[in-house]
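K.L.:
Residues per chain are reported as follows:
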Amino acid sequence: MGFPHKPHPKETVLLSRYFGEADARNYKGWVKRGGYAALEQARAMEPARVVDIVKDSGLRGRGGAGFPTGLKWSFMPKEKKKPHYLCVNADESEPGTFKDREIMRWTPHALLEGTAIAAHAIQAEVAYIYIRGEFTEPLAIMDKALTDARSAGVFGKLKIHLHRGAGAYICGEETALMSSIEGKRGNPRIKPPFPAAAGVFGMPTTINNVETLAAVPHILTKGAVWYKGLSLSSPKSTGTKLFSVCGHVQQPGNYEVTLGFPLKDLVYELCGGMRPGRTLKACIPGGSSVPILDRAETESCLLDYEGVVERGSMLGSGGVIVFDDSTDMVYQIMRLARFYAHESCAQCTQCREGTAWTTKILERILAGQGKTADLDLLLDLSENMTGKTICVLSDSCAAPVVSGIKKFRSEFEDYIAGRRKPVMVA
Amino acid sequence: MVTLTVNGRRVTADAEQTILDAARAAGIADIPTLCWYPKLPIVGNCRICLVSVEGQAKLVPACATKVADGMVVQTESHAAVENRKGVLRLLLERYPGDHLRNGGRAAPRNEFERYVVRYGVAPTPLGARDLALRHGDERPGDPMIRHDMSTCILCTRCVRACEDIQVVGVLDVAQRGEHAEIIVGADGDPDKAGCTWCGECVRVCPTGAIFEVMPQERFAPEQIRQPQRTVRSVCPYCGVGCQVDLHVADDRIMRVTSPDIELDTPNQGSTCVKGRFGYDFPQHHDRLTKPLIRRGWLKQGGHWVWRGPTGAERRGGPWQSIEAEGQTVKPAGPPRAVGKAVRDLPLLERLDMDIRDRVATPAAWYEPFREASWDEAMELTAQELLRIKRERGGDALACFSSAKCTNEENYVMMRMFRGALGTNNIDHCTRLCHSTSVAAMQRALNTSAASGSMREVEHAADVIFIAGANTTESHPVFGAAIKRAHERGATLIVADPRKTELAARADVHLQMQPGTDVALFNAMLNHVITSGLEAKDFVARRTHAFDKLRESVRAMTPEVAAKITGVPAERIREAAEIYARGPNTSTLWAMGLTQHANGTDLVTSLLNLMLACGMIGRWGAAMMPVRGQNNVQGASDVGAIPFVYTDYRSVKDPKVRAEYAKAWDVPAESLSLKEGLMVTEIVKEESGVRGMYIMGENPIISDPDIAHAEHWFRELEFLVVHDLFLTETARYADVVLPGSSFAEKSGTFVNTERRIQLAQRAVDPPGDARRDLDILIDLSNRLGLRTHFATAEAVMGEIVTVTPSWRGVTYPRLEGAGLQYPVPTPGHAGTAFLFDERFPTADGKGTFVPVEYAPPVELPDDQYPFVMNTGRQLYHWHTGTMTRRASGLDQREPTPVVEIHPDDAAQLGLEDGDLVRLTSRRNAMVSSCRISERVARGQVFVPFHFREAAANLLTNPVLDPYAKMAELKCCAVRLEPAHVAVAD
Ligand SMILES: Cc1cc2nc3c(=O)[nH]c(=O)nc-3n(C[C@H](O)[C@H](O)[C@H](O)COP(=O)(O)O)c2cc1C
Ligand code: SF4
Ligand code: SF4
Ligand code: SF4
Ligand code: FES
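Chain order of the listed sequences is A and B. Using numbering that gives the first Met the number 0, read the first sequence as starting at 0 and increasing by one per residue. Using numbering that gives the first Met the number 0, read the second sequence as starting at 0 and increasing by one per residue.
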């Protein structure tokens, strides 16, 4: 569902409060709404103090890994010996994830303000905002907002650059993003060294997701305690989060809820439930890179970092993909595998060859040429692809395959046994 | 230091080491690796080296994980082994089946296959595979390197070797996912991508996906895998002195590889294109296999007499002189052999003619000669040399020894000329190389060699100052080291009229007019002194005559120099400051500085700058004349120069003479106390030289003003040429002796950093050709000098007794890295750098020798508006005798080209490849042109490798007053298009 629309009563609108208000995009409009006050507040503090506030708020990274933001900031060298950098991850390319795009489209200054506060906290003199190449509209909006705010002098000595990606999913991975900014092929790098020790151009760097940074001004103005209070479940999952829901629901779109919110309510109430006459079959709760939940798991799942893990998946980026009973799970999983095979940066053997082989096997099964041994081969390959590579793209490909075979095995077997009409896959 | 446990064994390691380093150092556990390679950046992409570490949920890459105290590592845990099998299986899925028959039980052929066998992984049969074979750029038609990318496992070693060792960056990974592949530049054309054909990529590839063509075309795969023998030798080309391993099959050199990257050799595993691919000239069908005697020499009554024509006819022949050949229009050469862009280029073996035959010795050249036995040839030679000595005195004889021959050979040669013939007229091509450097260094510091080492420049210099050295082409392996130093952060200053590769990447490029170097260096000195940047303490403690120097450069302000050199004053100041601030500045120079008629002054002014800034005698502050030939240093060290015996001990000193007389068992009076003539003095009417012995040199092509030289050689009474081929010079010989190439003999060479290295014999000389040392020993005895060396090692045994700074040298000690002299005692480890305390002068101090700027002798004018510069190309070496008979090299650069700036070319109406006629005040010649921005406007660059367009037809024979170096780098010429044959 596009903006503007009235929020659902069960939503907690913090980041999305001004979505749909064209005026909020303007520098003046943003200031009118209280914008850049948090930045001023932060600037008046010692950087370490800002880090502490964010630590206390319990804010965790919204880019996928859910790493505590304040803690990440605190890894930066206290004593500055080299230039510090901040990277803003606006490469949002995960299938089923489209929240950062809306933040940039509607509230570009929220991101810029968060960026400036983070830069102050980690003592960075340069910030790169790495925007997905296909995001032409968000780029134009960000560009204007940046120019306006810069000419209003809000950033002081901080230099902010917009860096446009060129269509590679892998460049959203933090170290690949840094390689890309350096003008190199966007390959992830081995860690350690971690970015806080040697990031972009080999200098201490912090990288944060757009949504993570957009939340920071709220924490500064309203306080860590207030933010920490925003939780429906555990103190380890605080604040609000945008969930991008897509798939077979009545009203797909972005919904902002407090963490700990039941996934069931998100699907059945906020999104208006499944399409008429259809029932829920499966759901991927955290973008495409996490294990698939079946219906029972979906309906009992709480949307926070621990809740989703308890059900066997991960919160990831908060992209919720919902499948109804008409879905061919084998086909869906093949499509996911194909995405990863296409996007693998091709460094690691397991990922480069494993994602491609997985895809080929799935295509073969769909085409009616599967063998009984193929399922074991797939599981074997997935095992080989999990936990062994430089970044987790390889694991991301394996996750839906393993959970899919586990939970929907009969659908695979139907193809292999010839009980289902073959599907030709281009 | 930390302590960890690997497979149950306690291991101590440096905290900076990786698990792999620590395990290997402790001799534990052969952890498999594919993407890891010594000295390459660690990327950790193959994932085969993963090991288990206690307390870590995931396996960790041994190649990329640092050790930690208390770490417990299992290298062959179940999980680790399963992962390795998984990796190998995935790679095998795309690996051609026919490379691994028998389900992996076939004999492994490469690093990768060895792991497949070790872990017992069986590939899926070809037909049943889901994944296609891999693709990649293939370099079809390439004369030296080709790719079979179906066997590529994408370890990216080649990419990193090209980028990080060679600092070129031709190769890269394109595409993503399963389509990822190795590419050659943007469009598959290695030429456009700047490939130098160094073969570093061949060396590092673990599967043979990148391979050498030449062995494959000539030998069976089994032979290549299992050479008859592999022998360590030294590359026969430039002064870097790369160590190489010669692989032998069918008693021929099959292939050249470079020793392990981790060994302390001058090349650290690299070579350039010449070293790796220029090895087939010894097997060229042009090789002389029998001694030749000029028809007309007859043996009558036990005595050789000349019964042939006399006068101008005496040394004539059915050939065009070099001068005449220079005027001919050359047939357009075949296209340069490259990769994809010339897909259709026929392969070498499919060409009707052997492409090399264009430069092969024309059959007519043999006509004036007949084949002879060794006995005949040696007898005649001995008779005539002794006759001339008897009739005209020893000084009517002269010898060109050879910088391509070993120390032992040069030693025996000079021993023969001095001991048996009583003359000091012995010299070699150092005269046309670094003689001016030696003269300048002798004047200032009483030394004759580099003070430092190449690795010092690579690792320790903060600033590298290069004057007149096109290192990346002339000394490519050192050039790469300099580029690595630059990447590491060293500042690079290049003074060169051409925009060479290093000049283009330099932090400061001082692009001066040719021959104006003195003005440039004096202006830098002027600025250093006026800014008070000179090393005051060093100057005071370790030098003389600084005041005189200060006075002499006072007038040469950067502004004045700017007018002379064309370099903006600001640049000069900047360079001077960087140079002086160091902290450690290394100073390199080569032919660009030395090959001038005022070369000694040019080098002296550079040395003045160096001494004033105190940039010598510390690790990182090296003085490095970069030597041109692989033994030009050694040939001089063992006394193949007219003024000194070994170790630069003067021939004028009776005490020294007595010592040698004793060593050689000859009366002292038989050794001359008179300094001999130098190369450039010998080839002159007034020299009085009537008989010559030339070993492995080709002065007709390499010396200035060829027409004059050709004439002079014709007039000799007796000429012996001892060489591999019937060279342009050998055509005028009375006797031609077939010698041996580097691969056919053992001996030692000294590289540009004073490193004495051992080369072992790999094959036998072809036919009746003999080892050079045997020839010289035989002749010495025939000349009456008792010479009883059985081996080269025995010669070294004598050399060390008369050479104090080599006294600790023995063959066994030379194995491996070799020794950098001075090695004064048997236990001495050699000397990486010199002069930390004192210079080898009487009082230990260096001397400033003020020099004034003088314009080059020949300046361009209306008639001759261009400045011609001569030099080397990457693919050729010296007069092309060897490289033009090396098939790969010749295909890369088959025909002579002169380089012209695009603007000049446009003005003259020349297009790339057009024929152009160059005329100097002495002569003219025709060549095709290559349009290139490497030369500045108003300049042309002419390589001197090509007899059919010989650069030295045009050069100016004026000589440096001290070193008798000729003005090879700078003469004035006129250019015009030459579309038709010109006969004037
Ligand atoms: C293959 C891959 C793709 C990723 N893509 C994105 C992305 O598009 N945007 C993003 O914010 N994080 C992405 N990440 C996560 C980042 O690596 C990183 O964890 C995140 O930017 C950190 O920011 P945060 O701590 O604010 O979440 C990706 C990770 C992987 C492994
Ligand atoms: S796991 Fe895949 S995407 Fe990640 S670094 Fe390795 S090859 Fe690249
Ligand atoms: S031959 Fe040398 S320069 Fe050419 S691609 Fe290989 S490594 Fe690079
Ligand atoms: S060509 Fe050889 S070195 Fe290069 S990536 Fe492939 S296997 Fe590795
Ligand atoms: S050798 Fe360690 S990952 Fe390749």
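It should be emphasised that the hints constitute simulated quantities derived from the structure, not laboratory data. Values in this document were obtained by computation on a predicted structure and should not be read as measured data. Errors might be hidden in some of the hints.
[To be verified] A few chain A residues that face chain B, going by a derived Cβ cut-off under 7 Å, partial list only:
no.: 1; residue: 92
no.: 2; residue: 345
no.: 3; residue: 352
no.: 4; residue: 407
Glycine residues also receive a C-beta, built at the ideal position from the N, C-alpha and C atoms.
K.L.:
Is the interface hint satisfied for residue 352(A)? The criterion is a beta-carbon contact with chain B at less than 7 Å.
P.N.:
OK, holds: residue 352(A) within 7 Å of chain B, min 4 Å.
K.L.:
With 7 Å as the cut and Cβ atoms as the points, is residue 407(A) at the interface with chain B?
P.N.:
Violated, about 22 Å.
K.L.:
Grab the minimum C-beta distance from residue 92(A) to chain B and call the hint holds if it beats 7 Å, violated otherwise.
P.N.:
violated, 13 Å
K.L.:
With 7 Å as the cut and Cβ atoms as the points, is residue 345(A) at the interface with chain B?
P.N.:
holds, 3 Å
Hints 1, 4 from the list above are not met by this structure, while the remaining hints are.
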